[in-house]
Structures are given as structure tokens and as C-alpha cells.
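Protein chains: 2
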Amino acid sequence: MDKFKTPYYAVIFTSVLKPSDSYGDMANKMEVLAKLQPGFLGVESAREKVGITVSYWESLEAIKNWKENIEHKIAQQKGKEEFYQSYKVEICKVEKSYTF
Amino acid sequence: MDKFKTPYYAVIFTSVLKPSDSYGDMANKMEVLAKLQPGFLGVESAREKVGITVSYWESLEAIKNWKENIEHKIAQQKGKEEFYQSYKVEICKVEKSYTF
Chain A
1 MDKFKTPYYA VIFTSVLKPS DSYGDMANKM EVLAKLQPGF LGVESAREKV GITVSYWESL
61 EAIKNWKENI EHKIAQQKGK EEFYQSYKVE ICKVEKSYTF
Chain B
1 MDKFKTPYYA VIFTSVLKPS DSYGDMANKM EVLAKLQPGF LGVESAREKV GITVSYWESL
61 EAIKNWKENI EHKIAQQKGK EEFYQSYKVE ICKVEKSYTF
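Chains as they are written, first to last, in my numbering: chain A, 1 to 100; chain B, 1 to 100.
Chain A on its own, in the form it takes in the complex (with noise of 0.2 Å):
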């Protein structure tokens, strides 16, 4: 859990899986290449129920560019055809944080 400088940008990603085996490997590639994007700070994840992933960036534009990612945007409409059965995207700005 990572402490970043405000202001800084946050990607909620919110899903429900259908049931599948290879969802795993796809968002593991994902995190990895996310990880290789100019202006990348940080991702956490956690999934019970739903699964959520918040990624952290240093701009707009830098979530704009991941978002257009060729690999990322053919795991987007697989993950749409194969593995989602709902999922919420929210691009928030982070003006304040603190940690304990």
C-alpha cells in the first residue's frame, strides 16, 4: 500500500465473473503490462463476490493511453465476450489520502 503525492488519478475497476479458467492468466498478463505504461503508480486487487482492482496513475492522459493499449483493448473485448458478466469503470481524481 504505497503512499502517492495528491493530486494523483485512480482507476476502479469493479467486475463479476462468469465461471472461467483462463480469467486469471489474462489479468495477471494485464497487471504486468499495466505495470510498463508511462505515468503507472501502483495496483491493488481483492476478490470475493466482485472483484475489485484500483490502479493509481500520475495523469489523465496516461489512463487514456493504457485504455488504448493495443494488447489491453483485445483483453477488453475478450473480457467482454469470455469472462464478464457485468464490470463499472470509474475514473476518479485522489484529492486526498492518508495512510496508518
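There may be inaccurate statements among the hints.
You can't tell identical chains apart in this list, so a pair holds if it fits in one copy or across any two.
Distance condition first, Cα-Cα at most 30 Å in a straight line; then the derived DSBU-like pairs of lysine-lysine [what the hints assert, rightly or not]:
{"hint": "1", "residue 1": "Lys5", "residue 2": "Lys80"}
{"hint": "2", "residue 1": "Lys18", "residue 2": "Lys96"}
{"hint": "3", "residue 1": "Lys5", "residue 2": "Lys78"}
{"hint": "4", "residue 1": "Lys88", "residue 2": "Lys29"}
{"hint": "5", "residue 1": "Lys78", "residue 2": "Lys67"}
{"hint": "6", "residue 1": "Lys78", "residue 2": "Lys96"}
{"hint": "7", "residue 1": "Lys80", "residue 2": "Lys96"}
{"hint": "8", "residue 1": "Lys64", "residue 2": "Lys80"}
{"hint": "9", "residue 1": "Lys3", "residue 2": "Lys78"}
{"hint": "10", "residue 1": "Lys49", "residue 2": "Lys29"}
{"hint": "11", "residue 1": "Lys73", "residue 2": "Lys5"}
{"hint": "12", "residue 1": "Lys18", "residue 2": "Lys67"}
{"hint": "13", "residue 1": "Lys80", "residue 2": "Lys3"}
{"hint": "14", "residue 1": "Lys18", "residue 2": "Lys5"}
{"hint": "15", "residue 1": "Lys5", "residue 2": "Lys29"}
{"hint": "16", "residue 1": "Lys88", "residue 2": "Lys78"}
Worth flagging that the hints you see were computed from the coordinates, not collected in a lab.
Given the structure of chain A, go ahead and fit chain B onto it with the hints provided.
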């Protein structure tokens, strides 16, 4: 996974727990109490190695009021003393949101 009308606010609460039996009771109680607060929109949670709870609010004022709620303050104190190894709170303005 409700969709709310932007702009709205999100509190991303990321935590790592100490081993404990009674955290679940407190977390459930706080969720019930949060839902009664003015300006509360919704909440999503998942926990694996880290726990991520995202609560959604109409305004920064609603978040501030919830932070100052007396029962919530007691729970925050108890959380620091008993339950959390570490946590992070991020106050965010949700600028864009889309669903599938």
C-alpha cells in the same frame, strides 16, 4: 454495481488486517451504519491479501460527516488498536464512470 451520476465521490479504503475474530462484526455494523448516513450512495467490498472497500457519496460534506460520526469514530479507534496492521484512505472525485 449501481451506476451513479457523475460527479460523485468515492472513498477507497485499503487495509491489511491483523489476525482477529471480531473484525467482521465491526465491519458489518459500520456498513449498516454508513447506509443510514445522508449522502450515502453505495458500497462495494472484497478482501484477499488486502481488503478494498469503496464507498460512494454525493458530496465531500457527506464524507466528512461520516468520518465524524461518533460510532464510526469509536470503530476507527478500535480498528487502529485491534484490527488493522495498516490502512490507506483515499478521497476521490469520480469524474467519469461506465459500465458493461
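How the hints compare with the structure:
1. Lys5 with Lys80: between (34 Å within a copy, 23 Å between copies)
2. Lys18 with Lys96: Classified as between; 25 Å across copies, 35 Å inside a copy.
3. Lys5 with Lys78: Classified as between: cross-chain Cα gap 28 Å, same-chain 34 Å, threshold 30 Å.
4. Lys88 with Lys29: The answer is both: 20 Å in one copy and 26 Å across copies each meet 30 Å.
5. Lys78 with Lys67: Intra 14 Å, inter 40 Å, cutoff 30 Å: intra-copy only.
6. Lys78 with Lys96: So Lys78 and Lys96 pass the 30 Å test across copies only (23 Å; inside, 35 Å).
7. Lys80 with Lys96: between (33 Å within a copy, 20 Å between copies)
8. Lys64 with Lys80: within (19 Å within a copy, 37 Å between copies)
9. Lys3 with Lys78: Between copies only: 23 Å across, 33 Å inside.
10. Lys49 with Lys29: Both ways: Lys49 and Lys29 sit 22 Å apart in one copy and 19 Å across, limit 30 Å.
11. Lys73 with Lys5: Answer is both; intra-copy 29 Å and inter-copy 26 Å each pass.
12. Lys18 with Lys67: Intra 22 Å, inter 36 Å, cutoff 30 Å: intra-copy only.
13. Lys80 with Lys3: between (32 Å within a copy, 18 Å between copies)
14. Lys18 with Lys5: between (37 Å within a copy, 27 Å between copies)
15. Lys5 with Lys29: Classified as within; 27 Å inside a copy, 32 Å across copies.
16. Lys88 with Lys78: within (16 Å within a copy, 33 Å between copies)
Consistency with the previously given hints is maintained throughout, with no hint failing.
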